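A.B. asks: Taking my numbering, the leading residue of the sequence shown gets 309, the next gets one more, and so forth.
Hint data in this document are derived by calculation from the structure and do not stem from the laboratory.
Values in this document were obtained by computation on a predicted structure and should not be read as measured data.
Fair warning: there could be bad hints in the mix.
As the list claims (entries may be wrong) - DSS-like, lysine-lysine: derived pairs with alpha carbons at most 25 angstroms apart:
#1 359 - 385
#2 385 - 314
#3 504 - 373
#4 363 - 385
#5 420 - 381
#6 327 - 420
#7 476 - 435
#8 435 - 454
#9 476 - 314
Claimed, not checked - Label pairs and their in silico Cβ distance ranges:
#10 476 - 367: 17 to 27 angstroms
#11 486 - 330: 48 to 58 angstroms
#12 422 - 493: 30 to 40 angstroms
#13 367 - 399: 17 to 27 angstroms
#14 421 - 312: 10 to 20 angstroms
#15 504 - 355: 36 to 46 angstroms
#16 476 - 340: 15 to 25 angstroms
#17 316 - 379: 35 to 45 angstroms
#18 466 - 364: 17 to 27 angstroms
#19 400 - 351: 28 to 38 angstroms
Beta carbons are placed, not taken as given, at the ideal position from N, Cα and C, and that holds for glycine.
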Amino acid sequence: MSREFKDWMEKMARLDYIKPDEIPNMDLYMDQVTTFMETQLAGTKRTPEDKIMTKTMINNYTKNKLLPAPQRKKYSKDHMLLLIFIYYFKSIMSISDLQEILTPLSGYCFGKKGSTEAEPDLFAVYKELFRMEHDYYYQIKENVEKLRETAENSFVQAEGEEGDFLRKLSFITLLSHDIFIRKQMIETMVDEMRRK
């Protein structure tokens with residue numbers, strides 16, 4: 309599993325993130341939005357056939373009030389930022405949880421002209437969150453390495469294919485449990501936000 313693990317970590321290090329300075333400063337039509345997202349996030353696809361974001365998805369996000377309607381069929385930089393947030397959050401949050409997070413974010417920041425530290429615009433929020441995520445990557449890498457070591461030291465008596473399978477299963481289980489606990493924390497926080 310050591311060689312495989314190294315390959316997995318290298319793949320994780322190459323994951324595509326949309327850097328703040330890569331976000332267009334001009335309004336885009338729907339086709340341009342989907343092309344931009346597809347190009348920028350292609351490395352996050354599980355299979356080549358996967359779609360990052362489709363017109364139907366974007367229209368549904370607007371209908372579900374996750375995304376403000378475009379102005380004259382054009383999507384602003386703030387629309388793009390919200391779509392990026394939606395893309396990253398949608399794999400672990402329900403639509404209603406996304407609404408609970410994005411509605412206040414849009415209310416506070418969407419379309420705001422000018423940014424201060426006390427009252428950031430949406431781009432400033434994205435930049436800060438991107439910086440935090442980027443810095444946090446190394447902590448995640450260390451944590452995952454510890455989980456791998458724990459898994460490698462399980463089922464030490466098992467050999468061959470069966471031993472490899474059981475250790476890989478241990479690693480998958482530890483990663484899944486970590487995700488499960490974090491998802492529970494997110495849901496608890498969102499539920500508390502909803503009650504306020």
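A.B. asks: Which hint numbers does the structure go against, in order from smallest to largest?
C.D. replies: Checked against the structure, the hints that fail are numbers 2, 7, 8, 10, 11, 14, 16, 18 and 19, while the rest are satisfied.
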